Structures are given as C-alpha cells and as structure tokens.
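There are 2 protein chains.
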Amino acid sequence: MFAVTILGNNSAIPTPDRHPTSQVITYNDQLILVDCGEGTQMQLQRYKIKRGRIRHIFISHLHGDHYFGLIGLINSMSLLGRIEPLSVYGPPELEEILQIQLHVAATTLNFELNFHPLLPGQTGVVLKEKEMEVSFFPTRHRIPCYGFSFSLQRRKRRIIPEQARIYEIPAAFYSKLQEGADYERKDGKVVKNDWVTLPPPRAKRYVYCADSIYDEDLVPHMKEADIVYHETTYLHDLSQRAADRFHSTTVQAATLAKMAGAHRLLIGHFSSKYTELQPFLDETRPVFPETELAIEGVTYLI
Amino acid sequence: MFAVTILGNNSAIPTPDRHPTSQVITYNDQLILVDCGEGTQMQLQRYKIKRGRIRHIFISHLHGDHYFGLIGLINSMSLLGRIEPLSVYGPPELEEILQIQLHVAATTLNFELNFHPLLPGQTGVVLKEKEMEVSFFPTRHRIPCYGFSFSLQRRKRRIIPEQARIYEIPAAFYSKLQEGADYERKDGKVVKNDWVTLPPPRAKRYVYCADSIYDEDLVPHMKEADIVYHETTYLHDLSQRAADRFHSTTVQAATLAKMAGAHRLLIGHFSSKYTELQPFLDETRPVFPETELAIEGVTYLI
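First to last, the sequence lines map onto chains A and B.
Going by the numbering used here, the residue at position 296 of the first sequence is 296; the numbering climbs one at a time, nothing skipped.
Going by the numbering used here, the residue at position 144 of the second sequence is 446; the numbering climbs one at a time, nothing skipped.
Take the hints with a grain of salt, since some may be wrong.
To be verified - So the derived label-pair ranges between C-beta atoms look like this:
| id | chain 1 | residue 1 | chain 2 | residue 2 | range |
| --- | --- | --- | --- | --- | --- |
| 1 | A | D17 | B | T601 | 20 to 26 Å |
| 2 | A | I83 | B | D331 | 46 to 52 Å |
| 3 | B | Q480 | A | D17 | 45 to 51 Å |
| 4 | B | A305 | A | I83 | 53 to 59 Å |
| 5 | A | E95 | B | F417 | 52 to 58 Å |
As the list claims (entries may be wrong) - Sample of chain B residues at the chain A side, in silico, Cβ under 10 Å:
| id | residue |
| --- | --- |
| 6 | G366 |
| 7 | G371 |
| 8 | I373 |
| 9 | V493 |
Derived by calculation from the structure, the hints in this document are not laboratory data.
Remember, it's a predicted structure, so these values are computed and weren't measured experimentally.
Cβ coordinates follow ideal geometry from the N, Cα and C atoms, glycine included.
Just chain A, with the same shape it has in the complex:
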C-alpha cells in the first residue's frame, strides 16, 4: 500500500472543521508526515493514525499553517514514551525553534530527534531507504519553501511465465528470480535472469508541491507522477491576489499537472473565504480531468 491521507486542507486561518496543512503518507507499515499545522496531533487521533509509527516528518516552509503543530506533536510523542528516533526535515531555523521550546520547558526527549536542514544549494535526494526515496526541490513562495517527491521503490523483477516454463525453472525458484538470480539447471546449463524476467515496474511517485506561485519550473519535478499535490488557494478569478501572495489558482495547478503529464492531481490549501469546494473541481477538471479535492480524513491510493 502506498497512499496519502489528508489531515488538513485549509490555508492560513484554521477553523474547527477545516485544518491547516498536514498529510500522512503510508507505505507498507511506515508513516511519513508532510507538514504539521496547528492541531495535527488531534487530527491524527481523530483518524486513528498512530503517532508512534511516524519515523520521518517533512516541513515545507516556516509559515505557521505548515508547522505550528510540530512542537506539540513532538512533545506528546515523548510524553507517550516514544523511544524510536524521529527524523525532521525542514528549513534550518526550524531546529532552533524546536530546541528553544524544549529548553524553556526543561524537556529532555525520550527519543533521538535527528534534524536534517533543507538548504537551497542541496536540493535532490534527502532520504534513501530500501523502499522509499525522497527528494526535495524549491517552490516559489514568499519565504524559502520546498516541495517533496516520494518514490516507493519496487525492486522485484517481473517474471515472464512462458519463458520460465520453456527453461523448466521450478516455481520454488521464482522468488529468487524476482530478486535477479540466475538459475542453474540440473544439466549444468545456466539460465540468465534477464532471459526470463523484465525489470521491476517503475517506482510509484507522489509529488507534494507545498505552497507556490504559478511556476513552470515545477513541471520537471512533477513529471509523470502518479499523484501531484498542488495548492489551489484561490479560484481563478482571484489570480491577481494569488500572484500577490505567492499562491496559485485552480487553472494554474491544472495547467502544470497537464504540462507534466501527471496521472492525477490533488488540490488543497483552500482559502478560508470559501465555504463550498465544488467550484474548485469545476474549474480544474476542464483543464485536467483527473483532479480530486483534498478532503480531510480521506485516503488517496497512489
């Protein structure tokens, strides 16, 4: 399973029903948190998502609606007895903000907090594990801001059953074939792995574009992603306001998704001024039909 669950889809001003930005990515049994607005820890509880299973937290930028909930979440993790290390990735000033708040409370965390500063000159891969690879890239916002690309690596080669039968490879050896092994027959002949398998399917990819003004430089990062998340703070009649505030509109997000050949587009970060969200779909789908609204509590399979 590779999926993203929306915890908050609102822009700057939270309400009891619409929360500031936060998303959880699930892959196999792991969780990654992406942004952490105020109240994220309550949203995790509301949707029965276990805080303890989060190992990595990515913070796109230091506007409050993307990180004010982080210190509270970290604090609660410690109070709840967490001992597993936690990695936080974000702009370098975030570390100082966290440390000063721990310091004044005389709090010593029960667990190791590993902070990974995101620096403009170092965009690229920031996390590489067996299954997950995460890279970051700059977006254009009022303050330094980063998007993230989450790739679920798929390492098993695909067996071509007809070929495997021709070479009389027993089914018991198939899992070794998937890992790339050659097969040695009883008669001593060697069947090369690539005679009977194809390379692994491409990695599935979720691209989170954080907050940004309309910026075609994002397109290469979004290229053919399974899902792209792009903010649509405003409907398109407010494109001037969007530009003034370094935000985007429906039509702009859809245009980029189309240029990138993305498979699907998820839109969110809706301005608090809108009570109805349907118009966001109505404006986006004519440009890019495979668009979905980011709805709190809903999980989107990638």
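Following the hints, position chain B against chain A.
Just chain B, lined up with the frame of chain A:
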C-alpha cells in the same frame, strides 16, 4: 458580567475532545485570555468567542500545554486584520519564542504586540485599569510558573436611601453620590458623602492557580476569592505521582480552597488517563462542597 469560560480542561496530551489549558475571562465587554494551549484559536471559534475582543493574554508558564497555541492565535489575529494593540504577559523567554517565529515567516503584525515579562522579583499588580486589576504570584512547579488574581473593581459607592431622604437629596444627584460627591443644599448646608453612602462593595475576584504541587503558600493569594481555579491533575490515590510531577490532587486542591475561605472552587487540568470526571467531584466535595468541574464550553459566573 464577570465570568470565566473554559476552553480546555485537559493536561499535557490533547485529544480531539479534551483540549489543553485555556480560559477566557469576560468582564463587561472585555475579554482576557488565560493560557493558550494548542488549538485554542479553534476552541474560541467553536464557542463563538470573538478573538478580536481579547486585549490581554496571560501565560502562566512555558509547558507546551499552556502556550503552544499562542503563536497561531497571534498570527490569525493579524491575518484577520486586527489593528488594536495586544498585551501578552508571561515568562521572559516567551517573547523570544514569539519573535523568532514571526521573523522566520517574514511576518509583520498589523498591530502592536506589547510583551510584559513576568519576573520572579516583581510579583504583585501587573495590570491596573479602570475596571480590572490583575496581580500575579509564583506557584511551585517544575519550571517557573505563575498564578493570576483577577479583581473586577467596583467603584460606585452604595447609597443608603433612608439617609439620602433625610437630607433631602434629589434622586437626580444619586449618580454623583455613587461617585463620592458631597451634596450642597439650597440652604448652603453641605451633606458629606459618607453620611448617606457606604463604600463600594468589595471587588469580585477570580484566582487562577495554574499548575502547582500542593503548596500552602498559595492560600494568602486565594483568600476569600469568589472563585479559585486549582488544578487537580490526579485523583488522590496518585498523590505520590502528583508530587513527583509537581502537580496536585483533588483532596489537595479542596484543602487549600477551604483554608483560604474561598467561596467556590473550580478544578481542571485532568490527566488524559481519566475518561470519567465524576470521581474528581466525589473526592473534592467532601472536603470543599462548593466545587465545580471545569467543563469545556461552560461559563462560570464569578
């Protein structure tokens, strides 16, 4: 009207239904916020309390469950166009925590943020306005922590109608009498104000004791208060745990309220381990019958 509304009654770990500490004091048309845990701004909206009418915010100490919601509230006030100055009273490090978070977001508030550091050597009156006087005092907690006493000044002298009639003072002059004026009769004789009035009734007083271990030094501050708020993080069987963590139990809070001759006791800051709150009343009332549970969304008249 002089009243306190509970926004959060829980201790450290928030849940979607029980929020960290925050209270709003209403007097006439003014609002004062006391502590501001994560999610306070959403709680204000939930209970239709206008953020814009808050002029003073008091923060007792720098454990997160008492202030993590402050930066978000201040941020939203600015986004919503507030121009009236806001005063924040709290431990001195709080100012740096707020400023660094405004700085990294490149936020310039639309309004003046006046920070008043609470310093141990300077306990006493910290705010004195026409109607409201607030003083602060230390409690005994794991880090520096302060309680606050809110006194609603009542300045009108009380007229003794029989005496006023004897001296033939016309009713039209009564409002002047209430303000302390003498009355000069047509025959030139002067009726001294205190012949016909009594001093104003005593100020009504709400005393907020924040977080504290059992501490009889609090008693003088609680003396004869109309309502004392005292934390009861634990039921009394956990008095050792309470002491270890610089918190209090039901019986301890009730004992102090009784010693102080308080009129009523409000208890809160319940540990997240308790799902039922009735046992808190059951243990407190035998010692101090005039006890109430602090329930979120409920307003208590002072």
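### Query
Can you give the numbers of the hints that this structure goes against, from lowest to highest?
Result: hints 4, 5 and 9 break, sorted rising.
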